[in-house]
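Protein chains in written order, with my numbering: chain A, 33 to 387; chain B, 70 to 339.
Fair warning: there could be bad hints in the mix.
Beta-carbon label-pair distances, calculated as ranges [said to hold, decoys possible]:
id, chain 1, residue 1, chain 2, residue 2, range
1, B, 115, A, 267, 44 to 54 Å
2, A, 179, B, 326, 40 to 50 Å
3, A, 304, B, 308, 35 to 45 Å
4, B, 327, A, 218, 21 to 31 Å
5, A, 117, B, 178, 32 to 42 Å
Restricting the straight-line Cα-Cα distance to at most 30 Å, the calculated cross-link-like pairs of lysine-lysine (BS3-like) are [stated by the list, open to error]:
id, chain 1, residue 1, chain 2, residue 2
6, B, 176, B, 253
7, B, 177, B, 216
8, A, 296, A, 346
9, A, 280, B, 123
10, B, 242, B, 253
11, A, 280, B, 216
12, B, 123, B, 253
13, B, 177, B, 234
14, B, 335, A, 87
15, B, 216, B, 123
16, A, 294, B, 242
17, B, 176, B, 242
18, B, 253, A, 346
19, B, 253, B, 335
20, A, 228, A, 280
Simulated from the structure, these hints should not be mistaken for lab results. Just so you know, even glycine gets a beta-carbon here, dropped at the ideal spot from N, CA and C.
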Amino acid sequence: MSSQDIPEENVPAERDAHEGAHGAVSVADEKNPFADPGLPPHEHRIQDIDERAAKRSERAVAFLFTVSMLATVGFIASYVTIPADRSIFVFPIGHLSALNFALGLTLGTALFTIGAGAVHWARTLMSDVEVADDRHPIAAPPEVRAKVHADFKAGATESAIGRRKLIRNTMFGALTLVPLSGVVLLRDLGPLPEDKLRHTLWAKGKLLVNMNTDEPLRPSDVAVGSLTFCKPEGLEEHDEDFQNEIAKAALMIVRLQPDDIKDKQELEWSHEGIVAYSKICTHVGCPISLYEQQTHHVLCPCHQSTFDLSDGAKVIFGPAGHALPQLRIGVNDEGYLEALGDFEEPVGPAFWERG
Amino acid sequence: MKKLSARRRHPLAALVVLLLALACTGGLYAAFAPASKAQADETAQSLAIEEGKKLYAVGCASCHGTGGQGSSDGPSLVGVGAAAVDFQVGTGRMPAATSQGAQVPKKKVIYTQAQIDQLAAYIASLGAGPTVPTEAEYGPEGADIAKGGDLFRTNCAQCHNFTGKGGALTNGKYAPDLEDVDPKHIYEAMQTGPQNMPSFPDTTLSEQNKKDIIAYLHAVNSDETVNPGGLELGGLGPVSEGLFAWIFGLGALIAVAVWVAARTAKAKKS
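One chain only, chain A, in its complex shape (with noise of 0.2 Å):
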């Protein structure tokens, strides 16, 4: 018999029945080069035949079980006794909190020495020997088919889906029409962000708003070498519509030395040294503002892109694309710091329509 087709004979209770479940099934011929040589002869382990060996897996077994439950007492035990906030110290884990502990360790305890016992009963004491289960043929039948096929023939006449035309054209066009609702949910995927990208909250004469103590910033609070963060006047963090609007206005302030600013529009936009560039990276847009005061360099942490504020944040390393965008400021007549506008270009990320 060759190993591509699996007659009917080939299923185990045939099979058994004449050439039993051991020893070689086929030898090597002229039509199958591949001899079969069937399972190895069973080889009895030391409980199956030491009954002392057998009792001893036994006791095992039990007392794995014995371990699980003794775990899910000490589990209920320290839910009940530990007290929530109780902290100890474990080597090599450090401070933690003894309740979470004593859950975990009990609770995977009483799993595992379930896991463990069953499977140390299967490998000792349960039977081991080698049983071969041949695959069945997948087809089914003919006479099966056969009475499918008639039922399914019965069933369609008696539905009288050939005749009642009404039926059968309307079910079509339910059937048809379902899928739709679907298709229309699609519209959630816009509308087009239209002319959102390009456009932030800041705008001319709106004030400079220090984010650590939510007042505007003068000039002079900004010593050389500070890092400072501000949102646009009147951007507030309980508004709605806070995370979609600082996620375009987040600015980062910087002072340096009028003499080190290298690029000519970033001295012109700047305040006595004051510049202020957007804190979304033009790559993919993290919040940026790893910034080194002594070489002027801003380090994005997602992909290490960096910027170099003295010379118009220019890209000096890493895979941005563009500038991060400036924004012009000034001082108003009350002596704070305000933006003399939008930032020119938009902020972020590049995408399909920027230009």
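Chain A is already provided as a structure; the job is to place chain B on it using the hints.
For chain B alone, kept in the frame of chain A given last:
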């Protein structure tokens, strides 16, 4: 009293008397010294500046110039203030062994606190700058830990990580781990901006804000920090956690799978 006098010839009697005498002297000194110190505060100050100048000439002048004006090897110290000196020398960063290298690391402190105060007094006399903060400014009283966490994530976490574990910067520079750093030094670092760290002066990050941040750091990154989950794996985020899960988690699963499928011991064939 009879009992006490009876023991006056005890071999340890001399030692006890000596200890008592020392304790009395020390106590008297502690009681009277501050009064006299207050009277002579101004003299002490100028004396500290004198002493500081001598220390400066020996330990610092070769890089920072004889008058603190700076040189090609070290920046000017005019106007950096006492806080900067207390931080740099108090954490052992100064004196730096060399001006080469990405940044000056934390080292063993080689000056006593008294000497550091003298150096700070001298540098502060060169030009006004931030002063050394007092316990009342950086201590835990009246600090809001939750607000501190908020401020830390806004201002500091980009470099120092969310719980102050530190992180890498460009060209070998790094933001150090803030675990168990003296609160005074954290305060001074925020105020003065050592090396490449930007400064956060009181005008943009108020004294109360700094106190809150220090309290937050103590809560999340000190030897008293209680981590309810335990085993923080360096607190660095998904890299170390993922590595641990792949190596130890999967390793344990593979070991169990091998045990489940291993052949059981067979009785010897006779």
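Right, here's what the structure says about each hint:
1. 115/B <-> 267/A: 44 to 54 Å: Holds - the Cβ-Cβ distance for residue 115/B and residue 267/A, about 52 Å, lies within 44 to 54 Å.
2. 179/A <-> 326/B: 40 to 50 Å: holds (45 Å)
3. 304/A <-> 308/B: 35 to 45 Å: Holds, since residue 304/A and residue 308/B (Cβ atoms, about 42 Å apart) stay within the stated range.
4. 327/B <-> 218/A: 21 to 31 Å: Taking Cβ atoms as reference, residue 327/B and residue 218/A lie about 49 Å apart, which means the hint is violated.
5. 117/A <-> 178/B: 32 to 42 Å: Distance hint for residue 117/A, residue 178/B holds at roughly 37 Å.
6. 176/B <-> 253/B: Since the Cα atoms of residue 176/B and residue 253/B sit roughly 17 Å apart, the hinted pair holds (cutoff 30 Å).
7. 177/B <-> 216/B: Violated, at roughly 33 Å.
8. 296/A <-> 346/A: Since the Cα atoms of residue 296/A and residue 346/A sit roughly 13 Å apart, the hinted pair holds (cutoff 30 Å).
9. 280/A <-> 123/B: Violated, at about 54 Å.
10. 242/B <-> 253/B: holds (23 Å)
11. 280/A <-> 216/B: Roughly 24 Å between the alpha carbons, so the hint for residue 280/A and residue 216/B holds.
12. 123/B <-> 253/B: holds (25 Å)
13. 177/B <-> 234/B: holds (20 Å)
14. 335/B <-> 87/A: Distance ~16 Å between residue 335/B and residue 87/A Cα, so the pair holds.
15. 216/B <-> 123/B: Violated, at about 44 Å.
16. 294/A <-> 242/B: Holds, because 24 Å separates the two Cα atoms, which is no more than 30 Å.
17. 176/B <-> 242/B: Satisfied, since the Cα-Cα distance of roughly 16 Å is no more than 30 Å.
18. 253/B <-> 346/A: Distance of about 37 Å is beyond 30 Å: violated.
19. 253/B <-> 335/B: The given pair, whose Cα atoms are some 69 Å apart, is violated under the 30 Å limit.
20. 228/A <-> 280/A: holds (10 Å)
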